[in-house]
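Colleague: One-letter residues, chain by chain:
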Amino acid sequence: MTDKILSVKDLSINFGGLKAVDNVSFDIDRQEILGLLGPNGAGKTTCFNMISGVYKPTSGEIWLNGKRTDGLPAHQMASLGVGRTFQVVKPFSGLTVEENVIVSLGMPNYNSFTRSCRFWHTKANITAANDILKTVGLEKEASTKAGLLPLGNLRKLEIARALALKPTLLLLDECFSGLRHEEIKVIEDLIRKIREQGVSILLIEHNMRVAMGLSDRVVVLDHGRKLAEGTPEQVSSDPAVIEAYLGKGESTDAA
Amino acid sequence: MSIYMINVATQIIIQAIAACGLNIIVGHAGQISLGHAAFVGIGAYSNAMLTTVGGLTFWQAMPISLLIVGLVGLLCGLPSLRVREDFLAITTIGINFIVVAIFQYTPALGGALGIGGIPNVELFGFVLKARPFFWLCFSCLVLVLAISLFFTKSWLGLSCFAIREEETAASSMGVSPVRAKLSAFVLGTLMAGLAGILYAHYMKFISADSFSFPFSVTLLSITVVGGLGTFWGPVVGAVVLGILPEVFRPLVDYRMFLYAALLLMMIRFLPGGLLGGSDLLSVKNLRKRKASATKGGDKS
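Going down the list, the protein sequences come from chains W and S.
No gaps in the numbering here: position 226 of the first sequence is 869 in our numbering, and each next residue is one more.
No gaps in the numbering here: position 173 of the second sequence is 205 in our numbering, and each next residue is one more.
For the record, the hints were derived by calculation from the structure and aren't laboratory data.
It cannot be assumed that every hint is accurate.
Pairs of lysine to aspartate or glutamate residues, derived as EDC-like cross-links and limited to a Cα-Cα distance of at most 20 Å, are as follows [said to hold, decoys possible]:
| hint | chain 1 | residue 1 | chain 2 | residue 2 |
| --- | --- | --- | --- | --- |
| 1 | W | K809 | W | D865 |
| 2 | W | K652 | W | E782 |
| 3 | W | K662 | W | D672 |
| 4 | W | K809 | W | E825 |
| 5 | W | K647 | W | E825 |
| 6 | W | K733 | S | D241 |
| 7 | W | K733 | S | E199 |
| 8 | W | K733 | W | D713 |
| 9 | W | K699 | S | E199 |
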């Protein structure tokens, strides 16, 4: 319909008296990597939760692929092609890494009675799950219980599960935090590769070097409002952004 | 086997069938239910009414009773499963008390006197008593176990595991929490209903207090002791908790106390139950892990 995969218009949500997100608008083009930045408590994750259907916005509109989706539950957003990771990792701890990914692979089966009666432990699914685990570098842990993995591997598992949904829009919520330098490189390359396959990506990242290097465009939030939007160069030289975010010592520890 | 042994075994099997249902709800889908006895009761009362007042045979009444239990399960599950954890526990206790009160205060259901004169089960003209009835119960248990196994292997089962482990993540992966929980709940109540139907025709007399809250606690104890979410757990739990009171007959008055003590001990020392962490699936994992550990180079 349009070349925008996602349009967010005047999005707001109130938690009691707190306006966590206040009239935020932005678009994501197809195959674009859009960075969502801002200090802690700026409302980035809340935005994610509204786009992925976890929260219902108080007002405003979300358009995915030309279809209005605000207020739809999370499981429907998943079937519309939105894959996401969680900032606070949420593995299915009692299941193995492989089974974690298979849960995602089963997305098309859960909403039909006849399909949900089929078996999940098939060779095809195991192969598919292991292929995805290979792309994030977790193939050795396939039969480990997810609860036993260290944080870095859990972040990779989050990405693997999101990829297993075959998303058209991928929401990555701080998927680099807790990773070593070399691991960050691997995931960076992975994200670029995912984009080349036609997936649009919205990412929240605190590591400025990574976020600026990876994003085509950047949206900066502060106190729930949109502060700036533009290319990484434009935004990092924006005085308002430096004032709100980069100027408060965050830039020094990010550099 | 003596008739006494047959009787004990039949009771154990009936409890195991109900516990299998509870295992699906609590063990596989992770939704605590403290009102499971209510659905055993609904199954028992439905079949008792249909065979005594309705004049149907056991086999004609059974599908209707299961339908009734399933519908009531659906109606109770729909609002209850929107609340989580402690609130769900309280809600299901409430369901148990309401159902028992309905049995007790509805004159048409026999009131406090209960329902007597429930006919024997007949099959091809044979009356199934004692030993043949035991085999009927046994085949029902095999059927229920087969359904449980199928459930864990199906996408529906996997979606329930995901909901049990992490509901928010599961829903972001396309699992509808309401749908998964409700399916597990209805399947579990159907198994409870089947146990109730068998119970009614085994006892030939039922009254409301057989299905009161303590029976729900017993069923939960069986499931927890055997191992929540394991395949054989409900059976092992039913055997252990069924044989113990027979062995310690003189202590029968302290049975609830023993259950409580056992439950606390299990939670403290064996939170996974007797079979915890050793169901078919994880035995395989254990072997794999052992194999990789002996190979060396594995960090765990």
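Colleague: So which hints don't hold here, by number, going up?
Modeller: 1, 2, 3, 4, 5, 6, 8
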